[in-house]
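Engineer: Here are the chains, one letter per residue:
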Amino acid sequence: MKTWYLSLAILLSAHAYSMTPTEADSLVSQAARTYADGDASAALLLYDSLATTFASAPLFYNIGNCHFKLNDIPHAILFYERALLLAPGDADVKANLELARQQVVDRVNELPLFTLGSSWSAMRGGRDPDQWARRALWACLITFVVLALAFLIRQRIIRRMLFAGSAIFFLTTLLSIAFAAYRHSEVVNRSAAIIMAPKVDARSEPRTEGTKLFVLHKGTKVNVLKEEDGWSEVQLANGTVGWMPPSTLERI
Amino acid sequence: MALGATAQEIGFTAAVDRNAIATGEYVKLTVTLTNSQDRFDAPSFGGLTTVQGPFENSSFNYVNGRMSSSVARTWVLTATAPGTYTIGPAQVRVGGGVIRTEPITIEVSKSATRPSDPGASQGQNRDPNLFITIALSKNKAYVGEQIIATYTLYSRYSNIELSKYEISKMDGFWAEEIDLGNTSWEDKLQTVNGVQYRVAVLKRQVLFPQKSGTLKIAPFELECLVNRTFFNRGTSLKARSNSVEVNALALPANKPEGFNGAVGELAMSVKADRTTVKANEAIELTLTYSGRGNLKLMQAPELGFPNDFETYDPKVIDRINVNGSGMSGSRAFQYLVIPRHEGDFQLEPIQFSYFDPATGNYRTVDPEQLTISVSPGDGGPSASVQRPSRSDVEVLGKDIRYIHTGDLALRTKGHHLFGSLPWIAGIATPPLAFVLFLGWRRKQEADEMDVSGTRRKRADRVARKRLNEAEQALRSSDRNAFYDALGKALHGYLGDKFGLGPAETTSQSIRLHLASSDGGTELADRFVALMEACDMARYAPVEDRPRQQLYDEAASLIGRTEQLMRA
Numbered sequence: 037m038k039t040w041y042l043s044l045a046i047l048l049s050a051h052a053y054s055m056t057p058t059e060a061d062s063l064v065s066q067a068a069r070t071y072a073d074g075d076a077s078a079a080l081l082l083y084d085s086l087a088t089t090f091a092s093a094p095l096f097y098n099i100g101n102c103h104f105k106l107n108d109i110p111h112a113i114l115f116y117e118r119a120l121l122l123a124p125g126d127a128d129v130k131a132n133l134e135l136a137r138q139q140v141v142d143r144v145n146e147l148p149l150f151t152l153g154s155s156w157s158a159m160r161g162g163r164d165p166d167q168w169a170r171r172a173l174w175a176c177l178i179t180f181v182v183l184a185l186a187f188l189i190r191q192r193i194i195r196r197m198l199f200a201g202s203a204i205f206f207l208t209t210l211l212s213i214a215f216a217a218y219r220h221s222e223v224v225n226r227s228a229a230i231i232m233a234p235k236v237d238a239r240s241e242p243r244t245e246g247t248k249l250f251v252l253h254k255g256t257k258v259n260v261l262k263e264e265d266g267w268s269e270v271q272l273a274n275g276t277v278g279w280m281p282p283s284t285l286e287r288i
Numbered sequence: 012m013a014l015g016a017t018a019q020e021i022g023f024t025a026a027v028d029r030n031a032i033a034t035g036e037y038v039k040l041t042v043t044l045t046n047s048q049d050r051f052d053a054p055s056f057g058g059l060t061t062v063q064g065p066f067e068n069s070s071f072n073y074v075n076g077r078m079s080s081s082v083a084r085t086w087v088l089t090a091t092a093p094g095t096y097t098i099g100p101a102q103v104r105v106g107g108g109v110i111r112t113e114p115i116t117i118e119v120s121k122s123a124t125r126p127s128d129p130g131a132s133q134g135q136n137r138d139p140n141l142f143i144t145i146a147l148s149k150n151k152a153y154v155g156e157q158i159i160a161t162y163t164l165y166s167r168y169s170n171i172e173l174s175k176y177e178i179s180k181m182d183g184f185w186a187e188e189i190d191l192g193n194t195s196w197e198d199k200l201q202t203v204n205g206v207q208y209r210v211a212v213l214k215r216q217v218l219f220p221q222k223s224g225t226l227k228i229a230p231f232e233l234e235c236l237v238n239r240t241f242f243n244r245g246t247s248l249k250a251r252s253n254s255v256e257v258n259a260l261a262l263p264a265n266k267p268e269g270f271n272g273a274v275g276e277l278a279m280s281v282k283a284d285r286t287t288v289k290a291n292e293a294i295e296l297t298l299t300y301s302g303r304g305n306l307k308l309m310q311a312p313e314l315g316f317p318n319d320f321e322t323y324d325p326k327v328i329d330r331i332n333v334n335g336s337g338m339s340g341s342r343a344f345q346y347l348v349i350p351r352h353e354g355d356f357q358l359e360p361i362q363f364s365y366f367d368p369a370t371g372n373y374r375t376v377d378p379e380q381l382t383i384s385v386s387p388g389d390g391g392p393s394a395s396v397q398r399p400s401r402s403d404v405e406v407l408g409k410d411i412r413y414i415h416t417g418d419l420a421l422r423t424k425g426h427h428l429f430g431s432l433p434w435i436a437g438i439a440t441p442p443l444a445f446v447l448f449l450g451w452r453r454k455q456e457a458d459e460m461d462v463s464g465t466r467r468k469r470a471d472r473v474a475r476k477r478l479n480e481a482e483q484a485l486r487s488s489d490r491n492a493f494y495d496a497l498g499k500a501l502h503g504y505l506g507d508k509f510g511l512g513p514a515e516t517t518s519q520s521i522r523l524h525l526a527s528s529d530g531g532t533e534l535a536d537r538f539v540a541l542m543e544a545c546d547m548a549r550y551a552p553v554e555d556r557p558r559q560q561l562y563d564e565a566a567s568l569i570g571r572t573e574q575l576m577r578a
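Protein sequence lines correspond, in order, to chains A and B.
Every letter in the first sequence is one number past the one before it in the working numbering, and letter 230, counting from 1, is 266.
Every letter in the second sequence is one number past the one before it in the working numbering, and letter 236, counting from 1, is 247.
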């Protein structure tokens, strides 16, 4: 069974690098050097080339930083949000996102980043989006190993303890799977989007003749409810709903 | 100013009490001739008018048998217009010769208000018998320079009661009252324009102009009751002073560092009561400003103590006199400082600058630098019993945090562990493996069950084989072999039948296993009795029953048990 897991791990890691690891590593260090020299646009090019094949919270965070330094606040917010999606608890991402949001024109009542309980952030997973999926694997393995031991051992007290432990691990497994599923849906079904156009009119209907309901400016975060006939129905954090062209937004 | 053309033993001098006056002021000219009885004439006064005099004064002295004499004539002169006046030489003929005094020059300046010239700028509607003057020591002063204002009452009434003061407004001035004691009439009468008045100084003030420009002192008003007698209620009169103006000059623009508005003639000193202390011991640091000037306006300077010093607000110790010559004395600031850590500390030198109106320049005083060496206190190397007040970190700017360098934990885009085939396999494997484990375990258990079953099935056959051995031993009269085979047959049979080990076929366990079946108890008792008889015969030379009987008993017991178990 152990060898099986090992081969699984090897399979996973081999799967992750279609670009060779050394290639990616050299790109990363080169980009970091460029950024340190103050050339954010060159660093952004390098990070963007990495982002075509890879995704990770630190990568998105760095891209966000490059955009911020180039004074492209909507893109900075977009990438910080992407990083936050993968690593909900990351303090650096939160700090920079907070700073970037201060430069957004629209002030929609959004929950402040730092008042959310840190324990909840920790529950949702730190910098590793696969954390809960991995925990589920381990918990599942331990559950059944302990259960098997319980069948093999004759001493009654130890046997009972093993059964109890196995039950606890079984619950942990179920919880982990639930969290992993939640996180997965969060990452996959990305309904949030950032306004990229300098100014967008939100209309009451999916056509240009619709009544102008409100005006949004670049950098504002919206929730995309549905897409229809080249129009997106978006919802603001305060519940207001309106239609706007999808070209004006970018999904997180 | 006394110069004499002198002959042998004869002196001839002309002197004035001062040679710079304002219009309306008096100058006293005294011409003195010693050791001569000759008469001399008045000199020409060069335009000055005689107010009084001449008065003559003669004196004779005997000293050590020698006689000396002198004659002095005194004139009181005044000028009505400003300018330069020259008092000509006085002459005296002595023994055929002529002795002349030196001419004396008198400078007469224009002065609007001098106490001795109240008429020069008084308002027209003044009661000539009762008025007040405000006299200033100078009409032109720098901002912060002190001016002495004297308020004088002139009166020709005999009985006068002062009732109500009205303090004149002091816009643009900071005023300090000079304590005069009780207001009283001066002994001497003063003559103004030939009229004699009784004079009283009502009050004196030291004034410090606070802004530049023409500053006006509003008139001073006073209500008096005059001619009050026992029979007369008197007349109420209002005495009003002139209003005077001061031309306040702005201080030059090139203010040096450390200038805080001090004007006058000042000095500064810094003293510490000790310069070597232990940590947490107090030092008294005294900063003293002294001299003449606006001392009362001096503020405690910020002393640049090191952060490790605890400082308290300074105590102000004033020794300031305000009198006719203005404000003078000293103001000291006493700082209590407590160094909290050991080390050598150098206090920042305190810059002090002031404006000297006499020269019209700024002056800077540099005090010596103070070094305080602090040795470790009694409470350890650095007793931080009471930390100096802590302050928040000052946020100077805001910027994003730096990028992540090093490992970026890259993973292929769109790849998620959850829901992927390897993950599902990983989750499914342990339960599947457990099911396999359970199956293996069940088979093992079944095999174990099989072992005891075979034993039970074969128990009868094995027992009969052993009984045959016993029968052979019975025939060959081999006593030991017989009992051995018989015991083995019984023990083996029961062990196989009930799945017991060789040591477990005790009477108790036999009874336990057989008791469940019908008639089992009696059977068990017979088994036990037979096995005991066998054991007795094997280990002791006693045979209370014949071997054949024992053999038959064993065969019948095994047969009965087989029947019982099968039923």
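Calculated directly from the structure, the hints in this document are not laboratory data.
Here a beta-carbon is modelled for each residue, glycine too, at the ideal position from N, C-alpha and C.
Please note: incorrect hints may appear among the correct ones.
As the list claims (entries may be wrong) - Using 27 Å as the maximum straight-line C-alpha spacing, the simulated DSSO-like pairs for lysine-lysine come out as follows:
#1 A:Lys-262 to B:Lys-424
#2 B:Lys-409 to A:Lys-105
#3 B:Lys-424 to B:Lys-468
#4 B:Lys-227 to B:Lys-214
#5 B:Lys-149 to B:Lys-199
#6 B:Lys-222 to B:Lys-149
#7 B:Lys-149 to B:Lys-266
#8 A:Lys-105 to B:Lys-424
#9 B:Lys-227 to B:Lys-199
Stated by the list, open to error - The calculated label-pair distances, taken between Cβ atoms and stated as ranges, are:
#10 A:Lys-262 to B:Asp-410: 46 to 52 Å
#11 B:Leu-443 to A:Ala-217: 33 to 39 Å
#12 B:Pro-433 to A:Ala-72: 36 to 42 Å
#13 A:Ser-85 to B:Glu-313: 56 to 62 Å
#14 B:Ala-311 to A:Pro-234: 40 to 46 Å
#15 A:Glu-245 to B:Pro-433: 37 to 43 Å
Claimed, not checked - One side only, chain A facing chain B, incomplete, derived with CB under 10 Å:
#16 Val-64
#17 Ser-65
#18 Tyr-83
#19 Pro-94
#20 Asn-132
#21 Thr-209
#22 His-220
#23 Val-223
Engineer: Would you mind marking each hint as holding or not holding in the structure?
Structural biologist: Here's how the hints hold up against the structure:
1. A:Lys-262 to B:Lys-424: The hint holds at about 24 Å.
2. B:Lys-409 to A:Lys-105: Roughly 13 Å separates the two Cα atoms, so the pair holds.
3. B:Lys-424 to B:Lys-468: Violated. B:Lys-424 to B:Lys-468 sits at ~69 Å, over the 27 Å cutoff.
4. B:Lys-227 to B:Lys-214: holds, 18 Å
5. B:Lys-149 to B:Lys-199: holds, 25 Å
6. B:Lys-222 to B:Lys-149: Satisfied, since the Cα-Cα distance of roughly 16 Å is no more than 27 Å.
7. B:Lys-149 to B:Lys-266: holds, 24 Å
8. A:Lys-105 to B:Lys-424: holds, 25 Å
9. B:Lys-227 to B:Lys-199: violated, 31 Å
10. A:Lys-262 to B:Asp-410: 46 to 52 Å: violated, 39 Å
11. B:Leu-443 to A:Ala-217: 33 to 39 Å: Since B:Leu-443 and A:Ala-217 have Cβ atoms about 21 Å apart, the given range 33 to 39 Å is violated.
12. B:Pro-433 to A:Ala-72: 36 to 42 Å: holds, 38 Å
13. A:Ser-85 to B:Glu-313: 56 to 62 Å: holds, 58 Å
14. B:Ala-311 to A:Pro-234: 40 to 46 Å: violated, 57 Å
15. A:Glu-245 to B:Pro-433: 37 to 43 Å: At 52 Å between Cβs, range violated.
16. Val-64: Since the shortest Cβ distance to chain B is 5 Å, the answer is holds.
17. Ser-65: holds, 8 Å
18. Tyr-83: holds, 9 Å
19. Pro-94: Check passed: Cβ of A:Pro-94 comes within 4 Å of chain B, closer than 10 Å.
20. Asn-132: holds, 4 Å
21. Thr-209: OK, holds: A:Thr-209 within 10 Å of chain B, min 8 Å.
22. His-220: Cβ of A:His-220 sits 4 Å from chain B, so the hint holds.
23. Val-223: With a closest approach of 7 Å, the A:Val-223 hint holds.
Checked against the numbered hints given earlier, this structure breaks hints 3, 9, 10, 11, 14 and 15; the rest are met.
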